[in-house]
Amino acid sequence: MTDYLNSDLLRKQLRLQRQSLSEAEQMRHAQLARHHLHNFLHSIQKMTSQKTLNIAFFLAQDGEMPTAQAIEMLWQSMPHTLFLPVLKSTPDDDGVMMFAEYTPDTPMKANQFGILEPSLKESDLLSGEKLDLVLTPLVGFDSKGNRMGMGGGYYDRTFQFKQQSSKICPPLLIGWAHNGQQVAQLPVNPWDIPLNGVITEMGFREF
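If you're matching positions, the sequence shown starts at 118 in the numbering used here and goes up one per residue.
Hints should not be assumed to be uniformly reliable.
DSSO-like mimics (lysine-lysine), calculated; alpha carbons at most 27 Å apart, straight line [claimed, not checked]: (1) K238 / K226; (2) K226 / K205; (3) K163 / K247.
Keep in mind the hints are simulated off the structure, nothing from the lab.
Can you build the whole structure from these sequences, using the hints too?
Dropping the structure here:
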């Protein structure tokens, strides 16, 4: 019980901290992070034979590191396919996200949390196993790659298959966050899926 209380308190503190950043600070961090993402993607292309990647991103809210600049970069100057997470809204919802291709023309709708997501047929959605790289939102992270989200467990359930495989099993899970969201140590649960790395305004860090 104490760990849950500590997690809730830490989550609240970290959310307030990122919400307190000014718009100018948010945009400066996002611009720097976009540059680091660009370099990171080029390094992946050099290390692998893949020229194009299936990349999942998210639409930032609640003081998260802005994603609009990076998404625009991916649309305009890079050959990759971009996806956004979609929450299931069917009676058999198992809390696992699917992913929809995202372009400037993609129709959007608000999900049950008021977050915009692509409005596409289920047959057009992709499972997490088909992605190469996932840039994940987070509330906090630590030096071991442990990630604290909003508490819904969607990313952990969606990528639970990685727990049975090597840590380099695709997709790579890369946090997208302000550097100030790092903490000394996060409480960890057996079902938590760690990050492979994180991109902040300070650069890319591998775990």
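Status of the hints after comparison with the structure:
For the proposed pair K238 and K226, the alpha carbon gap of about 12 Å is at most 27 Å, so the pair holds. Taking the CA atoms of K226 and K205, the gap is near 13 Å; set against the 27 Å cutoff, the hint holds. Pair hint K163 plus K247 holds up; C-alpha atoms about 21 Å apart against a cutoff of 27 Å.
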